[in-house]
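Visitor: Spelled out from the first residue to the last, the chains are:
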Amino acid sequence: GDSVTQMEGPVTLSEEACLTINCTYTATGYPSLFWYVQYPGEGLQLLLKATKADDKGSNKGFEATYRKETTSFHLEKGSVQVSDSAVYFCALSRNTNAGKSTFGDGTTLTVKP
Amino acid sequence: GAVVSQHPSRVICKSGTSVKIECRSLDFQATTMFWYRQFPKKSLMLMATSNEGSKATYEQGVEKDKFLINHASLTLSTLTVTSAHPEDSSFYICSAIWTSDGETQYFGPGTRLLVL
Numbered sequence: 247g248d249s250v251t252q253m254e255g256p257v258t259l260s261e262e263a264c265l266t267i268n269c270t271y272t273a274t275g276y277p278s279l280f281w282y283v284q285y286p287g288e289g290l291q292l293l294l295k296a297t298k299a300d301d302k303g304s305n306k307g308f309e310a311t312y313r314k315e316t317t318s319f320h321l322e323k324g325s326v327q328v329s330d331s332a333v334y335f336c337a338l339s340r341n342t343n344a345g346k347s348t349f350g351d352g353t354t355l356t357v358k359p
Numbered sequence: 226g227a228v229v230s231q232h233p234s235r236v237i238c239k240s241g242t243s244v245k246i247e248c249r250s251l252d253f254q255a256t257t258m259f260w261y262r263q264f265p266k267k268s269l270m271l272m273a274t275s276n277e278g279s280k281a282t283y284e285q286g287v288e289k290d291k292f293l294i295n296h297a298s299l300t301l302s303t304l305t306v307t308s309a310h311p312e313d314s315s316f317y318i319c320s321a322i323w324t325s326d327g328e329t330q331y332f333g334p335g336t337r338l339l340v341l
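Protein sequences appear in the order of chains A and B.
When we follow the numbering used here, the leftmost residue of the first sequence carries the number 247, and every step to the right adds one.
When we follow the numbering used here, the leftmost residue of the second sequence carries the number 226, and every step to the right adds one.
The reader is advised that the hints may include incorrect statements.
Said to hold, decoys possible - Here are some of the chain B residues that sit facing chain A, going by a computed Cβ distance under 7 Å:
#1 Phe-264
#2 Pro-265
#3 Ser-268
#4 Met-270
#5 Gly-278
#6 Pro-311
#7 Glu-312
#8 Leu-339
Said to hold, decoys possible - Restricting the straight-line Cα-Cα distance to at most 30 Å, the calculated cross-link-like pairs of lysine-lysine (DSS-like) are:
#9 A:Lys-323 x B:Lys-266
#10 B:Lys-291 x B:Lys-280
#11 B:Lys-267 x A:Lys-302
#12 B:Lys-245 x A:Lys-298
#13 A:Lys-358 x B:Lys-245
#14 A:Lys-346 x B:Lys-291
#15 A:Lys-358 x A:Lys-314
#16 B:Lys-267 x A:Lys-358
#17 A:Lys-306 x B:Lys-280
#18 B:Lys-291 x A:Lys-314
#19 B:Lys-267 x B:Lys-245
No wet-lab data here; the hints were simulated from the structure.
If you're wondering where the values come from, they're calculated on a predicted model, not measured in any experiment.
Yeah, the Cβ is synthetic: ideal placement off N, Cα and C, and Gly gets one too.
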């Protein structure tokens, strides 16, 4: 079956540092890939997505590229802020499965001033 | 657009009582909604898929008589935790499928349930 593996956290960075959170997936065919962010005490928010190989999703300075050859969708940001502190979830979904998603375990990011 | 709300945001109840949680898609119609449970510092566990006008599909190990789901309209799904016990205390999150692409999920803000 489908699966998503994320880099284990927690990750602690200083403000303005570079961020990479690794995500790899196992799936047949061509799923869509997503990054969600969850701030403390809140639900998940869609951060970015990519629907086909080589697509780059980007939002709020974050970006991730759908790499079919390495089955990866790593999340990157060049300069993090304290407000980026949250839990980040990588997920995949298939249109043919009524949108049912498979989530990674989440990576907690803490950015210190 | 694509806003999903949940109500209540937080509820405390006594053991043995039932609690209803509402999930609404505010600006779009959702034929499919999902209910998740999230334990502290853990990922989301899919409980069930809620389909408008038909019975919900439950994941393995989730008691359908314990967690009643009703998706009576294209903008509302409800989850009722029946005869709640302390072990049902958790963070419950719903999501609705964005109908334009059939796969992007928009999540509600979650409901924190505490059963005493």
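Visitor: Could you run down the list of hints and mark each one as holding or not?
Guide: Now for the hints, and whether the structure bears them out:
1. Interface restraint check: Phe-264 (chain B) against chain A, minimum CB-CB distance 11 Å, threshold 7 Å, status violated.
2. Because the smallest distance between the Cβ of Pro-265 (chain B) and any Cβ of chain A comes to about 11 Å, over 7 Å, the interface hint for this residue is violated.
3. For Ser-268 (chain B), the shortest C-beta to C-beta distance to chain A is roughly 5 Å, which falls under 7 Å, so the interface hint holds.
4. Contact between Met-270 (chain B) and chain A, as hinted, is not supported at the beta carbon level, the nearest pair being about 9 Å apart and thus beyond 7 Å.
5. Contact between Gly-278 (chain B) and chain A, as hinted, is not supported at the beta carbon level, the nearest pair being about 14 Å apart and thus beyond 7 Å.
6. Interface restraint check: Pro-311 (chain B) against chain A, minimum CB-CB distance 21 Å, threshold 7 Å, status violated.
7. The closest approach between the C-beta of Glu-312 (chain B) and any C-beta of chain A is roughly 21 Å, which is over the 7 Å cut-off, so the hint fails.
8. Of the supplied interface hints, the one on Leu-339 (chain B) is violated, with its beta-carbon coming no nearer than about 14 Å to a beta-carbon of chain A, more than 7 Å.
9. For a cut-off of 30 Å, the pair hint linking Lys-323 (chain A) to Lys-266 (chain B) stands: about 23 Å separates their Cα positions.
10. A threshold of 30 Å between alpha carbons decides the hint, and for Lys-291 (chain B) with Lys-280 (chain B) the separation of about 15 Å falls inside it, so the pair holds.
11. At most 30 Å may separate the alpha-carbon atoms for a hinted pair to count; Lys-267 (chain B) and Lys-302 (chain A) meet this at roughly 27 Å.
12. Between the alpha carbons of Lys-245 (chain B) and Lys-298 (chain A) the distance comes to roughly 39 Å, so the proposed pair goes past 30 Å and is violated.
13. Using a Cα cut-off of 30 Å, the hinted pair Lys-358 (chain A) and Lys-245 (chain B) is violated, with the two alpha carbons roughly 39 Å apart.
14. Restraint check: the Cα-Cα separation between Lys-346 (chain A) and Lys-291 (chain B) comes to about 22 Å, which is no more than 30 Å; the hinted pair holds.
15. The hinted pair formed by Lys-358 (chain A) and Lys-314 (chain A) fails the criterion: a straight-line CA distance of about 34 Å is larger than 30 Å.
16. Annotation: proposed proximity of Lys-267 (chain B) to Lys-358 (chain A) holds, straight-line Cα distance about 23 Å (limit 30 Å).
17. With a CA separation close to 39 Å, the supplied pair Lys-306 (chain A) and Lys-280 (chain B) exceeds the 30 Å bound.
18. A hinted pair counts as satisfied when its Cα atoms are at most 30 Å apart, and Lys-291 (chain B) with Lys-314 (chain A) does not qualify at roughly 41 Å.
19. With a C-alpha separation of about 23 Å, the suggested pair Lys-267 (chain B) and Lys-245 (chain B) falls inside the 30 Å cut-off, and the hint holds.
Hints 1, 2, 4, 5, 6, 7, 8, 12, 13, 15, 17 and 18, counting from the list given before, are not met by this structure.
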